[in-house]
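Asks: Protein chains in written order, with this note's numbering: chain A, 1 to 247; chain B, 1 to 256.
For the record, the hints were derived by calculation from the structure and aren't laboratory data.
Since this is a predicted model, take the numbers as computed values, not measurements.
Some hints here could point you the wrong way.
[Unchecked claim] Sample of chain B residues lacking proximity to chain A, with all beta carbon distances greater than 12 Å (derived):
| hint | residue |
| --- | --- |
| 1 | HIS66 |
| 2 | ASP181 |
| 3 | SER242 |
[Claimed, not checked] Selected chain A positions facing chain B (Cβ under 7 Å, derived; list incomplete):
| hint | residue |
| --- | --- |
| 4 | VAL204 |
| 5 | GLN205 |
| 6 | LYS206 |
| 7 | LEU209 |
| 8 | GLN210 |
| 9 | ARG216 |
| 10 | ILE223 |
| 11 | LEU232 |
| 12 | ARG243 |
Even glycine gets a Cβ: it sits at the ideal position worked out from N, Cα and C.
Residues per chain, in single letters:
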Amino acid sequence: MGQKTITQLKSIIWFDGLPDDMLAVLAQKAHKRKLSKGEILFNKGDRGDSLFVILSGWVKIVTQDINNNEVILNKVGTGEIIGEMALLDHEPRSAGVVALEKTSALELNREDFMEIMKGQPDLALSLIRNLSSRLRHNTSYIEKITEMSRRVAKGDYSFIGETQPVKTSEKKGREQEKIGQLMAEFTAMVQDVRQREEELKKQVQKLTLQIDEKKRKRAFEDITNSDFYAQLKDQAKNLREQRMDNK
Amino acid sequence: MGQIVSIHSFRGGTGKSNVIANLAAQIALADKRVGVVDSDIQSPGIHVLFGLDETNTGNTLNDFLHGHCTIREVAYSIGDSTGQRAQLAGKHLWLFPSSIRGREISQILREGFDINLLNTGLQTLMKEFDLDYLFIDTHPGLNEETLLSIAISDLLIVILRPDNQDFQGTAVTVDVARSLDVPNLQLMVNKAVPGYDYDDLKEQIEGAYRAPLTGILPLNFELAKNASKDLFSLSAPGHPWSQELRKVTEAILSVQ
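Isolated chain B (complex conformation) (with noise of 0.2 Å):
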């Protein structure tokens, strides 16, 4: 049986999506087989990040929530697409997007879905792709699908920023994930500005949270101006972005 890991950050603008379409890209390129479900069924944005648009996008997790299709038909193979990443072709990795469809997204978020039936599509996925690694984007805060992403989870990441907000909100994530027995977590920090003694964060954090800080990714402007367009650890793997990211990956791959 593989993992199932759940990204989280307490506010937005963490940049997780990019840092999980990252990991998740990194891990199959280690001949993994990885998934990733955006379920941030409100604000959804990984999808950009392998290539899917409105044009593109075939049956989403909107679909199968509603009973529309099954769990199997929302996935989308990035190891047959094209261009920058096509360093992943023939890897295994899946994306299962949800909607990027205004009026399905606002459909869902009025009606609601049932949250067994994500937790069994989730199950099932996991079996009949046989994955390695479930990588589980999450809306931030703590609301109840993100509450049963990190319920369900066999290692959890919490991506924070080096600010108090961040610091503060983090803790309850981490007082929840305890208190759910998730077996692993792990801390990591992004958007790291110039200019402050991270070596010496790095011991406050693992203190106050008793868990590993696994890697401090600089703020990346050039990630910035890229807007999404692909995946960074591919094109600049040099970067100190990306060399951070790496060792992220490394901690990923140890935990057992």
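Excised from the complex, chain A in its bound form (with noise of 0.2 Å):
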């Protein structure tokens, strides 16, 4: 493996930065993998105890429902990294991954991705650079999002207007592209509840006032053509001076 190899592991977000020698190291640890369609690269449930790199090809993260029958977390090509969470969590895969085509992967294991660390701490450093970036990122959309959903809960939609697009880095992880997905889903979202309820507001009925205007003088004259009204009344303004005197 040589110079094509860093140049395909450049391209790799991960591994953004990184001096060529670092990545000369990196190179020269990593096996290569070659898949044909329909192969396993690994099982749900296996130890996950190395990262690999798709150099070429396609691959399907899988897993299956309650029937047994496979469901398609995702896809992944060219240039992106799975398995990198299992190498550092040493939890087992989280899902299978099988290629789609021929696909040509580099295998890199925790053991010479440790000691490649351990001896490189700005490859560490960098990684770890890299990780809290893509988790800043990734918050200030949470944020966002956070924030949007209390104005819709309030029917305050005045923000889509002013809604920017997700601000894209050259390279793009996955994580960002998943991201960015969700925040056009989002909005897309708040545009069609806000037209539902703008349409649900032109359906209300409108209700119409209705006073019987007989009735309405017959039953005010039944309640004032009495002795007690009379009195009352009279009452009510002497009280009402007195009062407005003390005022």
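Hints given; two lone chains; assemble the complex.
Replies: Shown next, in the form of structure tokens:
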């Protein structure tokens, strides 16, 4: 594996900004894996002790539903990394990976990966920096969506016009793409909700206030044509005048 | 001198007691001195909202009207009570309850009472408690004590539900209030069911009755579930019902 592999590694966001000599160490430790169409790279539940960089081709990330039918979670292609989380958190594989076509990948096992990291603190730092910038980026969108949800709940859609498109870095990671997709879906949903709400508003019925004036007059006369009422009217007048004087 | 605010609805079931108790609480929270008189002698109900029952009710309006005690002795200070109403601790809010004992209710209905004595009592407690606002919870319809409450009030608030029977009855109440020279008249809608154009209805109501509609309170199932156990606008201040109620409160406070 030579210069070609190094160039391929450079295009991966995890290794963004790493010097060539460091990438050369990585390339040297990695094993090349060739998969034919339909071949399984690993199964859900397997021990996750290596990560893979897809150099060419396409794979699908799969799991099973309760009836053991295959459910495709995602499709992943050239330049992307799979299995990186298991490498760090030691959990079993959360999903399986199957080649969709002839695929070539670089495999880097945990031991080698960790050894390189020990010997290359700059690489470790670069990875941490990459991870935290991805995290920060994602968090900012979570905050944005939280704020939008709050406003939608209050019926405030004023942000729709001011929503900015997701900033995309030149080397877009899988998550950034997903976050971008979430933002787009969310904004589309809010627009749909607003539209439905406006339709509903148009549908609200008008109530017509009806008063039977004859009945109104009769009821008024029944109440006011009495000695009690005449007395009360006088009394109320006096009382009001008294109270006005006190004020 | 404070203001006498009578709250009336032409028919029962408008949620009047709940509205009054919450309005009184909101105005007491604004550091006003507030009294609430349950003049609905036939079917008293507001006491429950302030945590009173047969075991802790002392003198009542009935005792006063029978000459058994002074009006001052009827007062029950809400600011001293506990529980959900603790938010009102230290506030100046008094309830003047009617008797909830069946025997005393039937007695006063049978024998009647001196309407002038009720009037004197109300005027006295305005002075003695130095009230900014005295709310009178009236019996639905337009009987003598209700007419008296309307006649002596500085502000009459009519609560109506958005239906034709209430539109008709409210028209009569409004006519009577104008005939009695009530200086201020306000309207509010309670139990507004969703699906209607209330902006349009507000316009119609204000046009027909020539009085401001100060709040449209939605039909509130949570309030119904609460079964009058506490003051909803204190326990759920963010609920649309409480928000609209505060608009009515503002309108009351803005009357000069």
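Asks: Could you run down the list of hints and mark each one as holding or not?
Replies: Each hint tested on the structure:
no., hint, in the structure
1, HIS66, "holds, 21 Å"
2, ASP181, "violated, 7 Å"
3, SER242, "holds, 15 Å"
4, VAL204, "holds, 5 Å"
5, GLN205, "holds, 5 Å"
6, LYS206, "holds, 5 Å"
7, LEU209, "holds, 4 Å"
8, GLN210, "holds, 6 Å"
9, ARG216, "holds, 5 Å"
10, ILE223, "holds, 5 Å"
11, LEU232, "holds, 5 Å"
12, ARG243, "holds, 6 Å"
The earlier numbered hint that this structure contradicts is number 2, and it is the only one.
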